[in-house]
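> Sequence:
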Amino acid sequence: MHVRFILPLLFGIAGVAVLVSLGVWQVQRLAWKEEILAKIEAKIAAEPVALPESPEQEADKYLPVELTGRFQPGLLRVLVSQKHVGAGYRIISPFETEEGRRVLLDRGFIKIDGEMRAPPTGPVEVTGNLHWPDDRNSSTPENDLEENMWFARDIGQMAEVFETEPLLVVVREMSPEDTGATPLPVDTSAIPNDHLEYAITWFSLAVLWAAMTGLLIWRMRQPAKGAET
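For reference, each letter of the sequence shown is one residue, going 2 to 230 in the numbering used here.
It should be emphasised that the hints constitute simulated quantities derived from the structure, not laboratory data.
Each hint should be verified, as a subset may be incorrect.
[Stated by the list, open to error] Below, computed lysine-lysine pairings styled on DSSO-like, alpha-carbon distance capped at 27 angstroms:
1. K44 to K84
2. K34 to K44
3. K62 to K84
4. K44 to K62
5. K84 to K40
6. K84 to K112
7. K40 to K62
8. K34 to K84
9. K62 to K34
Kindly produce the complete structure, drawing on both the sequences and the hints.
This is the structure:
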């Protein structure tokens with residue numbers, strides 16, 4: 002091989018190697034993320050337990066719980082958007098258990114023009130999951146407490162408004178049924194898992210890099226072939 006082809010060939014091989022290694026790394030990350038999601042899904046679907054005395058965010062996130070008690074006056078509206086449904090609100094209400102603990106209950110979703118119905122009266126049995134949602138990012142507006150318009154489930158702030166524990170239970174089932182909202186149980190759909198797309202991108206770039214390297218070397222050879230004829 003002519004010496005002038007060595008540099009672009011080495012450059013091409015190095016580029017392909019880097020891109021392929023990045024693709025392999027994303028495949029490994031995909032397996033890691035799928036294992037994590039499987040563990041979370043198993044935890045969400047596990048048998049519910051009584052509300053822990055002192056829940057911890059890291060250990061008890063997604064923990065299935067069951068509690069019996071009564072709804073307390075008041076509700077908060079958190080603006081959200083549901084796929085195929087449109088804009089609406091998550092409804093958060095204070096709830097007092099039979100043991101006298103006051104917690105926040107995420108009752109579920111109503112359309113933005115839906116009727117704001119009161120929750121069930123009397124004793125209510127609730128099955129749900131503890132959750133510490135991460136709704137807020139750099140572009141999320143501040144909550145408007147005067148207009149009762151919330152843009153994120155800021156548990157600490159909600160707990161101050163309702164004088165509850167800073168503890169949110171997202172409803173899965175309720176008896177009697179809450180006709181005022183459609184439950185939005187916790188799941189893994191909001192946890193990003195883009196590693197397959199990233200892997201495909203890196204491998205595609207590796208193929209493109211190899212093709213461009215081959216094309217470059219082919220074009221570099223053309224003048225030499227023409228000179229020989």
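> All the hints need checking, so say for each whether the structure fits it.
Checked hints:
{"no.": "1", "hint": "K44 to K84", "in the structure": "25 angstroms, holds"}
{"no.": "2", "hint": "K34 to K44", "in the structure": "15 angstroms, holds"}
{"no.": "3", "hint": "K62 to K84", "in the structure": "25 angstroms, holds"}
{"no.": "4", "hint": "K44 to K62", "in the structure": "9 angstroms, holds"}
{"no.": "5", "hint": "K84 to K40", "in the structure": "25 angstroms, holds"}
{"no.": "6", "hint": "K84 to K112", "in the structure": "12 angstroms, holds"}
{"no.": "7", "hint": "K40 to K62", "in the structure": "12 angstroms, holds"}
{"no.": "8", "hint": "K34 to K84", "in the structure": "24 angstroms, holds"}
{"no.": "9", "hint": "K62 to K34", "in the structure": "17 angstroms, holds"}
In the structure shown, no violation is registered for any of the earlier numbered hints.
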